[in-house]
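Colleague: Below are the chains, spelled out letter by letter.
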Amino acid sequence: MSADVVSSPVQLDDEYLDEQSRLEKLVGPEWARLLRGIVTNPLSVAGLIILAGFVLMAVFAPVLAPPINENWDSKIIPRDGFSAEPKPPGTPWERNKPNTIPFWYGITGNDDWVHLFGTTSGQYDIWYGVIWGSRTALFVGTLVVTSSAIIGILIGSTAGFYGGWVDETLMRLVEIFIAFPFLVAALILASILVPIFGRSIWPASIALIAFGWTGYARLLRGDILSTKERDYVQAAQASGARDIHLILRHILPNAIYPTLVVLSLDMGAIVLSFAALSFLGIGVQEGYADWGQIVSFARSWILTLDKHWYIIVFPGIALLLYGMGWNLVGDALRDILDPKMRGR
Amino acid sequence: MTAYIIRRLLVLPIILIGVTLLIFAMLQVLGPVERSALYVRDIPHSETALDAVIRRYGLDQPFYKQYWYWLVGRVDPETGETVGGVLRGELGYSRTGREPVVDTLKRRIPMTVELAIWSMIPIVFIGIWLGIKAALNHNKWPDQLARVVAILGYSFPTFVFGLLVLLVFYARLGWFPPGRLSTEFSQEILKPGFVNYTQMVSIDSLLNLRFDIFLDSLRHLILPVVTLSYLSWALLLKVTRSSMLEALRQDYVTTARAKGLSEKVVVNRHVRKNALIPVATIAGTTVAALLNGVVITETIFNLPGIGSAAAAAALSLDVLTMLGFALFTAALFILVNLVVDIMYGVLDPRVRLE
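As given, the protein sequences belong to chains F and R, one line each in that order. At position 98 of the first sequence the residue is numbered 97 (numbering that gives the first Met the number 0), and the sequence of numbers has no breaks. At position 255 of the second sequence the residue is numbered 254 (numbering that gives the first Met the number 0), and the sequence of numbers has no breaks.
Quick caveat, the hints were computed from the structure, so don't treat them as lab data. From the three backbone atoms N, C-alpha and C, an ideal C-beta is built for every residue, glycine too. Check each hint, because a few of them may be wrong.
To be verified - If you want the ones that stay clear, here's a sample from chain R, every Cβ over 12 Å from chain F, calculated:
1. Trp-128
2. Asp-317
3. Leu-322
Claimed, not checked - A few chain F residues facing chain R, derived, Cβ under 7 Å:
4. Met-170
5. Glu-174
6. Leu-271
7. Ile-281
8. Gly-286
9. Ala-297
10. Gly-322
Pulled out of the complex, with its shape left as it was, chain F reads as follows:
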């Protein structure tokens, strides 16, 4: 269904048409429209640039914020002593500083390591935490979103495809899980899991997965209910296709698009929820390179935030931009996939 090809005037040069059809041949018309939409919509381009920035930051973390030596666990923020008073950006780094100076360091105007973004109480270096925090964000986001999407898709497609009592049972199960506000439920489950898993990324991640799959299940069920009535599915069924083949080959690929929107929005939202749990103290251990965990240090400095602004501003900007990147892409995807917006 390529409305733009039909409506485009004939004088379009062959090269353009060639390229367009090549893309369509490669990924199919719907995906081609989607990919074209994403790279032409200015908002989603802005989102993609922001996200690319975070990926680069994660990839080049060892260059941007070198661990203090080869045996250092890179997820742990190095600390410059133990004093409780946070230090402002630009304070010289006394103890435990990285033993290499990267090539780009000259542009900061320093010959030796300083705390570029300052330190928190306990002297954890904020620059290191913000840079390596991008790895935590991308890892947790991908892990939680993929896991909850898989669970949700399995349950949703089973319910939608088989209908009847299977559908009733599974949907009641979903309703039980959505009876709790998401963050409240995740907070409670995570704190119950802390004694079992210890302070790490796991309690919060598992809790977010346990209550995060319901959206996908409901969405996919609805999509499948409408898709399975289509003629081509009926035809495949009549010609003896097995259930699993029907679902994987004919139904899912056509029902999956709205899920993509939620998937991209969730990639941001889940990381913000994870950070909120970290901020409340139910998450990673102190000193772990995680944006929410760094901000949580500010809780002891509420009355003097004007002096200690750097504890919240730098990791806060990272969180805001990360959430915004995914929201911009997700919003654009929604507009592209909305049938009412087609051809506008």
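Dock chain R against chain F, hints included.
Modeller: Below, chain R without anything else, positioned relative to chain F:
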């Protein structure tokens, strides 16, 4: 319509059983020793005393029996009284509060309700008003502004936002302090002359005609209210905008315009009424956003509500207090969603016919 409501009500017991089972399952993660806090204020230290408590309250019995005891209570074999039972309002003892969980909840609910009531004002006015403005000026500057506000609202983590407004408006400018009241007034409301009708300071001070206290409480409420509600402004703004745009494209709008009605009449009579129906349905989502938000907001602004109690309980792994909070929020949320579903059926004739 009646069939629709009946169907909705029939599902309700299943959901309630499921929700309580889920909460009880989480409780099972604790050992029988910790679970004895359901019945006794202080868990005994000696082994024999512990065993006695566990046997006395049936904490070593099979899962389904324990679930039943937990739900409706159990006759204490020694005293003959019925003990426990969440349906009887017995949620066990809070380790952090050193009191029954129910008492903690009761004492702290007014603060949270007060915060929620004040939050509704900007949510409804800013969200809906800006949403309508944006749709009527599609792709012009009010619309672009609305889009930016919405995306920023979605992307800002509540705790970062709350700390930033504290940084600017309290630490830097000194306008709006955290806490519930200034020191001089927090003594005042405890004096016998001041009657606490609702336990909500901003409302009680009005009822006592103490406008100085009222203004002071508003000064303390502004930042938490904005922090708690901006996410919901963004949500409502977005839904109102797209719903208005959708309604503006309908045939009956074209007809109304073709009849020569002024744009004002078209919008007021034909568009707005229909556009606001879907908006009513996100009331459930708004309540969820507020319940999620109070945990963070009350913690940052140091307000004595149930959200900060839950956060404190989570930090010290006080499971009974948290599960009490979970039960309360789930019950409230189920109720709101039920009301919203029924309201939607009443408002929108298309739903009734299904």
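Colleague: So, for every hint listed, does it hold in this structure?
Modeller: Against the structure, the hints come out as follows:
1. Trp-128: Consistent with the label, Trp-128/R stays out of reach of chain F, its closest Cβ about 22 Å off (over 12 Å).
2. Asp-317: violated (9 Å)
3. Leu-322: violated (7 Å)
4. Met-170: Since chain R brings no Cβ nearer than about 9 Å to Met-170/F, farther than 7 Å, the hint is violated.
5. Glu-174: holds (5 Å)
6. Leu-271: Interface hint status for Leu-271/F: holds (5 Å vs cutoff 7 Å).
7. Ile-281: With Cβ-Cβ at 5 Å, under 7 Å, it holds.
8. Gly-286: Constraint on Gly-286/F not satisfied, violated at 17 Å.
9. Ala-297: holds (6 Å)
10. Gly-322: At 4 Å from the nearest chain R Cβ, Gly-322/F passes the 7 Å test, so the hint holds.
Consistency with the previously given hints fails for numbers 2, 3, 4, 8, ordered from lowest to highest.
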